[in-house]
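So the sequence lines, in the order shown, correspond to chains P and Z. Taking this note's numbering, the leading residue of the first sequence gets 1, the next gets one more, and so forth. Taking this note's numbering, the leading residue of the second sequence gets 1001, the next gets one more, and so forth.
Hints are not guaranteed to be accurate.
[What the hints assert, rightly or not] When the alpha-carbon atoms are kept at most 16 Å apart in a straight line, the in silico EDC-like pairs for lysine to aspartate or glutamate are as follows: (1) Z:Lys-1116 x P:Glu-54; (2) Z:Lys-1123 x Z:Glu-1155; (3) P:Lys-57 x P:Glu-46; (4) Z:Lys-1116 x P:Glu-109; (5) P:Lys-60 x P:Glu-109; (6) Z:Lys-1116 x Z:Glu-1068; (7) P:Lys-60 x P:Glu-46; (8) P:Lys-44 x P:Glu-54; (9) Z:Lys-1123 x P:Asp-104.
In case anyone wonders, no lab produced these hints; they're calculated from the structure.
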Amino acid sequence: MNTADQYLKAIYLIQQAEDGPAATGKLADRLDVSPASANEMIGKLESRGLAEHEKYKGVKLTDEGIVRARDALQTYCIIERFLANVLAVEEFRSEARELEAVIDGTVAERLDTIIERRPECPDCFDPEDDACACLEVTFEEETIAD
Amino acid sequence: MSVGHSVTSDHQLARLLQIGIVLEEVVEARAHHHYQSLAEEDRDLDDEIESLLEHAAEESAEHRNALEELIAGLEADSVPFEEIETLVEAQYGQTKPEDFDGILYDQLCNEETAYKFYDDLIKAIEDSDVEFSVDRATLLSVLRDLRAAERDGVERVTTIMEERA
Chain P
1 MNTADQYLKA
11 IYLIQQAEDG
21 PAATGKLADR
31 LDVSPASANE
41 MIGKLESRGL
51 AEHEKYKGVK
61 LTDEGIVRAR
71 DALQTYCIIE
81 RFLANVLAVE
91 EFRSEARELE
101 AVIDGTVAER
111 LDTIIERRPE
121 CPDCFDPEDD
131 ACACLEVTFE
141 EETIAD
Chain Z
1001 MSVGHSVTSD
1011 HQLARLLQIG
1021 IVLEEVVEAR
1031 AHHHYQSLAE
1041 EDRDLDDEIE
1051 SLLEHAAEES
1061 AEHRNALEEL
1071 IAGLEADSVP
1081 FEEIETLVEA
1091 QYGQTKPEDF
1101 DGILYDQLCN
1111 EETAYKFYDD
1121 LIKAIEDSDV
1131 EFSVDRATLL
1141 SVLRDLRAAE
1151 RDGVERVTTI
1161 MEERA
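Extracted from the complex, chain Z is given alone in its bound form (with noise of 0.2 Å):
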């Protein structure tokens, strides 16, 4: 067992980009369901929320190519969406949130815990002294973008939601 907080080893940080990548899966798989059940029946009421879930399905998306550019440099696999989707699907497909709060409290988890996996990420790189098959600097650069990103996308869910107070 190791206690501490840095990443040690190429194979360590492959798994972590990987949790990373399933995590957006999940986020984009969340924020697409929740589009489809708008789109049964309530999508012409609120724009505001449909462009919210638009918009963190496709940063999502993005931040996976991301992260499998990283990934491809440490020779790990990546894990199909559609395999997630299917397990969200699964998971989630029968418990919907039931209205618009239950989906923007859903969304700001989604950033919030994405925010805070890259924050620990990051963190626990920059503990670390090993050298990494891929450079530091791009990794590094790379994660505290998508972090950057994530706290973007908590402050205006945040916003949303106080406006709606």
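So that you can see chain P by itself, here it is in the shape it has in the complex (with noise of 0.2 Å):
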């Protein structure tokens, strides 16, 4: 997933829990950039389409952007699914979020064909828990620490 990706994808979940446009703040805090680095990449996400700033309410998606961003959020459902269910990862999220920069969404569509996903992905993933609502996993450490 490029970077592009994993802006849009922030920006999606971030737009869902506040019902409205991204905070800059919030979408910095949230990829973990300076706030000069998401007012850089929103303007490239401007320019190409995927999505409009509005001055001192935040960034909010277009219908194109809402796209990608929702295939980018089942690239990702797909990661944290695999690495939960298949490798037995634990630390499945904090891996995930390391992962999903060099996983690309065709490589996610292959490790998809072995994993059970829900028909409603990604919907069904909680920006709460970072992670699919849905998603069983065999070990009970990580859940019950969390």
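Build the complex from these two chains, which are given one at a time in their own frames, with help from the hints.
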């Protein structure tokens, strides 16, 4: 997933949670980047017709941006589910965040052939938990710890 | 969350190599599965596809070994092939491609996906200045060889598809 897709996914999740535009500061916090970097990428997304920036309000995805963001979220869900269910990685959330930049959507689609994902994906993604709400994990340590 | 494309630790590299192994296992298991479906039905009818699938399965096994050698240097576990084969069977066994075009298309996706994976991984390693436990030059050389083999695989399948079009 390239950097732009990571931004689109983050904007989409904030937009969903806030039911409105994503404030640049929140976006920068979520991605752990500087506000200047976030602004720079927002400008790029705007020029590609994927997002619209409203002064003092934040950034909002266009319809095309939403499609791309949902694809990116689905890729992320596949990576999380694959790590949790196939490789039995307990720290699947943090590892998925590390790996998402290197795993392309086409690669995730292939990994998707060996996992069981619900048809409602990615709508079942829970931003609070940073994981699919339907994800069943076989190890209990992490769910207890969280 | 990390924004960017570089591999930043031994652990992350090991995990990516593990994913490479699983991808190769998926290719091998699917090729084997298709091969078996040909054996039951039309094997005699198409030597070219039979040989393509046989080659794909053998090549994937070789690639797995190469990746396993790399992750052995990183002290990470490999993923047993039988486990992946079972998963492939469970998810894929009931929906085998209906015809030879389906098999070829699936094989093309396999090769293209593996190529993309190695290409992204190589770039992510090149972008990183982390010193890994395995020798960087050897690591990149092995991965570039695997990527080249996948590129050849894409060409092989594409040629067959074009001849049959």
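Each hint, compared with the structure:
1. Restraint check for Lys-1116 (chain Z) and Glu-54 (chain P): the C-alpha separation of about 37 Å exceeds 16 Å, so the hint is violated.
2. Under the criterion of a C-alpha separation no larger than 16 Å, the hint pairing Lys-1123 (chain Z) with Glu-1155 (chain Z) is inconsistent with the structure, at around 22 Å.
3. Distance restraint check for Lys-57 (chain P) and Glu-46 (chain P): the Cα-Cα separation of roughly 15 Å lies within the 16 Å cut-off, and the hinted pair is therefore satisfied.
4. A threshold of 16 Å between alpha carbons decides the hint, and for Lys-1116 (chain Z) with Glu-109 (chain P) the separation of about 12 Å falls inside it, so the pair holds.
5. For a cut-off of 16 Å, the pair hint linking Lys-60 (chain P) to Glu-109 (chain P) is broken: about 27 Å separates their Cα positions.
6. Taking the CA atoms of Lys-1116 (chain Z) and Glu-1068 (chain Z), the gap is near 19 Å; set against the 16 Å cutoff, the hint is violated.
7. Annotation: proposed proximity of Lys-60 (chain P) to Glu-46 (chain P) holds, straight-line Cα distance about 10 Å (limit 16 Å).
8. Between Lys-44 (chain P) and Glu-54 (chain P) the CA atoms are separated by roughly 14 Å; this keeps the pair inside 16 Å, and the hint holds.
9. As the CA atoms of Lys-1123 (chain Z) and Asp-104 (chain P) are separated by approximately 13 Å, the hinted pair is consistent with the 16 Å bound.
Consistency note: the structure conflicts with the earlier hints numbered 1, 2, 5 and 6.
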